[in-house]
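Engineer: Sequence:
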Amino acid sequence: MKRTALELRGITAGYGADPVLKDISFSLEEGKRLAVLGPNGSGKTTLLRVLDGLLEWKGELKILGKDAAGMSREELARSVAMMSQFAGASLPYTVEETVLMGRYVHMSRGILAGPGEKDRQVARDCLRAAGLSGWEQKRVTELSGGQLQRVFLARTLAQEPSVILLDEPTSHLDLKYQTELADYLKGWGQQPGHTVVGVLHDINLALRLADTFLFLKGGRILAHGGAEILTPELLTETYGMDVAAYMREAAARMEEILNGKHLSKPL
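Residue numbers (my numbering): 1 to 267.
You may find that some hints are simply not true.
[Said to hold, decoys possible] In the SDA-like style, the derived pairs of lysine to any residue whose C-alpha atoms are separated by at most 20 angstroms in a straight line are: (1) LYS66 x THR12; (2) LYS186 x ASP174; (3) LYS217 x HIS194; (4) LYS217 x ASP242; (5) LYS22 x ASN40; (6) LYS138 x GLN121; (7) LYS176 x GLY187; (8) LYS2 x ASP18; (9) LYS62 x GLU75; (10) LYS58 x ARG73; (11) LYS58 x LEU76; (12) LYS217 x GLY14; (13) LYS186 x LEU207; (14) LYS217 x PRO19; (15) LYS186 x ALA129; (16) LYS138 x GLU97; (17) LYS22 x THR45; (18) LYS118 x VAL105; (19) LYS58 x ASP18.
[What the hints assert, rightly or not] Cβ pair distances, simulated, as ranges: (20) LEU234 x ASP67: 26 to 34 angstroms; (21) THR179 x THR236: 25 to 33 angstroms; (22) SER133 x PRO192: 22 to 30 angstroms.
No wet-lab data here; the hints were simulated from the structure. Here a beta-carbon is modelled for each residue, glycine too, at the ideal position from N, C-alpha and C.
Using the sequences plus the hints, can you model the full thing?
Structural biologist: As structure tokens, this is what we get:
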């Protein structure tokens with residue numbers, strides 16, 4: 001029987017007097033891949049910050065069956081990892097040093113003692129998984145946005161979490177690597193004991209990665225469930241526009257391009 005990876009009951013959180021998240025309640029089993037969708041300002045990133053322990057909340061939050069309020073920062077970090085785009089990106093660390101940051105929580109001898117051979121082996125394995133073998137001594141300040149995303153993925157994997165949190169993980173990535181990253185994370189999330197929660201704007205990419213969906217608007221849940229909840233009505237309510245019509249028009253334009261019909265049209 002699968003464990004419940006995340007359980008939220010009546011979660012309220014924000015950055016000031018007015019809460020951003022309001023009475024959020026849902027649960028997610030291990031092995032699920034959840035896409036969090038909604039317009040800007042709906043509370044998607046705030047939800048991730050709550051799950052990662054970066055923001056105080058009111059309500060009840062359980063992670064892998066444990067009360068998150070009673071978990072130490074180290075215990076939480078061994079269970080949950082956020083794929084961050086920022087920590088260390090502006091400093092001239094090497095790729096290897098950046099990935100090893102994900103091992104800090106596992107360094108029993110302490111950070112000052114430095115990584116052991118197991119930590120370095122895990123880092124090498126994660127670099128290989130991210131397609132970065134041979135990049136160990138490159139400086140992160142020399143990398144493109146897409147290359148940095150691969151480094152951050154490797155660092156997240158090096159933390160060896162049960163739950164990975166993703167905030168727009170495909171930003172700065174070309175189409176090929178967007179699909180590769182989504183497919184890799186889908187495969188990772190299907191392994192025993194793994195769970196993925198990703199904030200996404202691209203509905204097509206969400207369908208490629210996720211098997212469960214959470215729609216937020218105004219800090220509240222509009223819908224939560226499998227692909228069956230993805231109706232034109234829900235998308236219109238969420239985004240305030242006819243998303244289905246927009247996607248049909250985009251598909252029709254792409255069909256014209258693939259068939260060469262756009263070449264015969266006057267400019």
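Engineer: Against each hint, give a clear statement of whether it holds in the structure.
Structural biologist: Here is what the structure says about each hint:
1. LYS66 x THR12: Holds - the C-alpha atoms of THR12 and LYS66 are around 19 angstroms apart, at most 20 angstroms.
2. LYS186 x ASP174: 18 angstroms, holds
3. LYS217 x HIS194: 27 angstroms, violated
4. LYS217 x ASP242: Roughly 16 angstroms separates the two Cα atoms, so the pair holds.
5. LYS22 x ASN40: Judged against 20 angstroms, a Cα distance of about 16 angstroms means the pair holds.
6. LYS138 x GLN121: 18 angstroms, holds
7. LYS176 x GLY187: OK: LYS176 and GLY187 at ~17 angstroms, within 20 angstroms.
8. LYS2 x ASP18: 36 angstroms, violated
9. LYS62 x GLU75: 13 angstroms, holds
10. LYS58 x ARG73: At roughly 18 angstroms apart (the allowed maximum being 20 angstroms), ARG73 and LYS58 satisfy the hint.
11. LYS58 x LEU76: Holds, at about 18 angstroms.
12. LYS217 x GLY14: 15 angstroms, holds
13. LYS186 x LEU207: Holds - the C-alpha atoms of LEU207 and LYS186 are around 11 angstroms apart, at most 20 angstroms.
14. LYS217 x PRO19: 13 angstroms, holds
15. LYS186 x ALA129: 14 angstroms, holds
16. LYS138 x GLU97: Holds, at about 10 angstroms.
17. LYS22 x THR45: Since the Cα atoms of LYS22 and THR45 sit roughly 14 angstroms apart, the hinted pair holds (cutoff 20 angstroms).
18. LYS118 x VAL105: Roughly 13 angstroms between the alpha carbons, so the hint for LYS118 and VAL105 holds.
19. LYS58 x ASP18: 13 angstroms, holds
20. LEU234 x ASP67: 26 to 34 angstroms: Given about 32 angstroms between the Cβ atoms, the range holds.
21. THR179 x THR236: 25 to 33 angstroms: 27 angstroms, holds
22. SER133 x PRO192: 22 to 30 angstroms: This hint holds: roughly 26 angstroms between Cβ atoms.
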